[in-house]
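This note's numbering applies: residue 19 is where the sequence shown begins, and numbers increase by one.
Calculated directly from the structure, the hints in this document are not laboratory data. The model shown is predicted, which means the values in this text are computed figures rather than measured ones. A few of these clues could be false.
Claimed, not checked - Pairs of lysine to aspartate or glutamate residues, derived as EDC-like cross-links and limited to a Cα-Cα distance of at most 20 Å, are as follows:
1) K589 to E569
2) K326 to E107
3) K341 to E406
4) K480 to E459
5) K31 to D113
6) K130 to E330
7) K466 to D479
8) K525 to D537
9) K541 to D557
10) K539 to E527
11) K30 to D113
12) K365 to D564
Claimed, not checked - Distance ranges between label pairs, derived from CB positions:
13) L237 to R593: 25 to 33 Å
14) E238 to K539: 40 to 48 Å
15) K539 to G416: 21 to 29 Å
16) F167 to L424: 54 to 62 Å
17) D472 to I347: 34 to 42 Å
18) Q590 to Y363: 28 to 36 Å
Using N, Cα and C, we set each Cβ at its ideal position, and we do this for glycine too.
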Amino acid sequence: MRTFDAVIPYLKKSYGRIAGGLVMLILVDIVQLVTPWVMQQAIDRIQERTIDSRGLLLMALVIFMLAIAVMVLRYFWRVLIIGNSFMIEKNLRQDFYDHLMQLSQNFFNTRKVGDLMAYATNDLNSVRMMFGMGLIAAMDIVLMTIASFSFMGSIDLRLTALAVIPMPILTITISVFGKKMHKSFYRVQTSFATLTGAIQESISGIRIVKAFVQEKSELEKVDKVSWDFVKENINMAKIAGFFHPFQGLIISLSMIITLYFGGRATIRGDITIGQFIAFFQYLGMLVWPMVAIGWIVDMYQRGTASLKRLNEIFEVEPEINDKEADLSIKSLQGNIEIRDLTFRYAKNLPLVFDHISTSVEQGKTLAVVGPTGCGKTTLIELIVRIYEPPRGSILVDGHMVHRIPLQVLRRDIVLVPQDIFLFSDSIANNIRLGAPDVPIEAVYEAAKKAEIYDEIMEFEDKFETVIGERGVTLSGGQKQRVAIARALLTNPEVLILDDALSAVDTKTERYILQNLVEDRKGKTNIIIAHRISSIQHADHIIVLSDAQIIEHGTHQELITRGGLYSDLYEKQRIRARLEGEEL
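Start from the sequences, fold in the hints, and give me the full structure.
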C-alpha cells in the first residue's frame with residue numbers, strides 16, 4: 019500500500035470543505051498582499067504632500083477594514099480545514115478500530131496494547147496535523163511565495179534578485195534534513211509505542227508486581243524504555259535544532275541584503291520610501307513561507323511516518339472473515355460435530371489436536387476435561403472461530419463453520435472464557451453487554467440464575483454499582499458469576515463455560531448447575547472444567563491428553579474404566595473429603 023492510500027477516501031469525502039477552506043485562504047492572502055500596497059500609497063503621498071487629513075483617515079480605515087476581512091476569512095478557513103482534519107482523524111480512528119475488531123487472535127498475540135494505543139493516538143494526531151495546518155501551510159507557501167515575488171519584482175526586479183540569493187541554500191537544506199527527520203520521527207513513534215506498552219502492562223499487573231516485590235525491577239524496565247524514548251526525541255531535537263535556526267540565518271541574510279541595497283536604491287531615488295517599506299513588508303510575507311517550509315517538512319515527515327505505521331496495520335488481512343458465509347443461515351439449533359480435527363498454532367509448533375472427533379446433539383451437555391495445556395480452551399475457540407479451524411473439521415447443524423456468518427455463529431454460540439473481562443461500568447451494563455435493550459427485570463433474573471443477585475443487592479448502589487477496570491473491585495467468583503449472568507441473558511442456543519466456575523465454592527457451583535439444567539432445557543451446553551463436580555451431570559464427557567481424545571463416555575462409565583478421568587476423580591474426592599466438602 020502506498021503511503022497516502024489509506025487517507026485518500028477520507029479526502030474525497032471532504033472535498034467540499036477542503037475546497038471552501040482553500041478559497042477562504044486565497045482570499046486572506048489576497049487581502050494581506052493588498053495591505054502593503056495601500057501602506058505604500060499612503061507613505062508616498064505623505065512624502066509628496068499630496069494627501070490631507072481626510073485622505074489619510076480614509077487610508078487608515080481601508081487598512082483597518084482589510085485587517086477585519088483577514089480576521090473573518092481566517093476564522094472560516096480554520097473552521098473548514100482544521101475542523102475537517104479532526105473529522106479525518108475521527109473517521110480514520112473509527113476505521114482503524116473497526117479493522118482491529120476483524121483481526122484474528124493471532125494478530126493480538128503478537129502485539130502489545132500500548133503499541134496499538136500509540137497508533138490510535140499519537141500517529142493519528144500526526145496525520146491530523148499534516149492534513150490540517152500542514153495543508154494550510156503548503157497552500158500558503160505556494161500562494162504567498164508567487165505573489166510576494168511578483169509584488170517585489172514590480173517594485174525593483176534587481177533588488178528582488180539580490181534578496182533571494184540565499185534561498186537555494188535553504189532548498190538544499192530542506193532536502194537533506196527532511197529525510198533525516200522522517201527516519202528520526204519514525205523511530206520516535208516506535209519508541210513511544212514501546213514506552214506506552216511497558217507502562218500499560220506494568221499498571222495492569224500492579225498487584226502481581228507488588229505481590230512479588232518487583233517494584234524496583236518494573237521501575238528499571240520502564241526507566242530503560244523511557245530513556246530510549248528520550249534519546250530518540252533528543253536526536254530529533256538536534257536535527258530540528260540545527261534546521262530551524264539555519265532557516266532563520268538564511269532569512270536574516272535576505273533581510274540584510276535588502277536593507278543595504280534597498281536603502282541605497284532609496285537614497286539614489288530609484289525607489290520611493292513607500293516602495294522600500296512595501297518591499298520590506300513583502301519580504302516579511304516571504305519569510306512566513308520560508309519558515310513554513312521547515313514547519314511543513316516537519317509535519318509532512320511526521321505525518322507520512324505515522325501513515326506508514328498505520329498502513330502496516332491496515333495491510334494485515336483478517337484471517338477470519340465471512341467470504342464463504344451462506345447468508346441464508348439466520349440461526350443455529352446447536353448440533354455440533356468435530357470431525358477428524360488436526361490443528362497446530364503454527365507450522366513450527368507441535369500439534370494441539372491430532373485427528374480427533376466428537377459431537378454433541380442439540381439439548382445435550384458435553385464436558386471436556388484434561389491436564390493443563392491439553393487444548394481444552396483451544397477446542398472451543400476453534401468452534402467459535404477465534405482461531406480458524408481446518409476446512410470441514412467443525413460443523414454446526416451440518417454446516418461447516420466457515421459457511422456460517424460470524425454474527426450468527428457468535429450470537430448463537432456464547433462463550434464464557436476462563437479469563438473474565440468486565441468493563442469499568444455498572445454491573446447492570448456489564449450483564450447487558452450482549453443484550454443492551456433488555457429491561458432491568460431480565461438482568462435481575464439472569465443474576466439470580468448465576469447466583470450473584472443477593473450479593474449485588476448488598477452493594478450500596480446495587481446493580482448500578484460501577485466496578486473498576488476489568489472488574490477489579492469484585493472477587494474472582496463474583497466476576498465469574500457476572501460473566502455467566504451476561505451469557506444467560508442472551509439465551510444462546512449453545513452455551514460454553516470454559517472453566518467459568520473455578521473460583522466459585524462447590525455449594526454455589528451446585529446451585530448454578532441446577533439452575534442451568536432447569537433454564538436450558540433443549541439447549542446445548544459445553545463445559546470445560548478441572549473440577550469433576552462441575553461436569554458429573556454431563557451427557558457425554560471427553561478426556562483430552564497428548565493431542566488425542568484418550569477417553570470418552572458418561573461420568574459413571576469413565577469412573578468404572580479406571581483411566582485418567584478416574585484418577586482425577588479419586589484425587590479430587592480425597593481432597594474434598596479432607597476439606598469437609600462433597601464432590
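The hints, checked one at a time:
no.	hint	verdict
1	K589 to E569	18 Å, holds
2	K326 to E107	15 Å, holds
3	K341 to E406	13 Å, holds
4	K480 to E459	13 Å, holds
5	K31 to D113	14 Å, holds
6	K130 to E330	15 Å, holds
7	K466 to D479	17 Å, holds
8	K525 to D537	19 Å, holds
9	K541 to D557	13 Å, holds
10	K539 to E527	18 Å, holds
11	K30 to D113	16 Å, holds
12	K365 to D564	17 Å, holds
13	L237 to R593: 25 to 33 Å	40 Å, violated
14	E238 to K539: 40 to 48 Å	57 Å, violated
15	K539 to G416: 21 to 29 Å	23 Å, holds
16	F167 to L424: 54 to 62 Å	60 Å, holds
17	D472 to I347: 34 to 42 Å	40 Å, holds
18	Q590 to Y363: 28 to 36 Å	30 Å, holds
Hints 13 and 14 from the earlier list are contradicted by this structure; the remaining hints agree with it.
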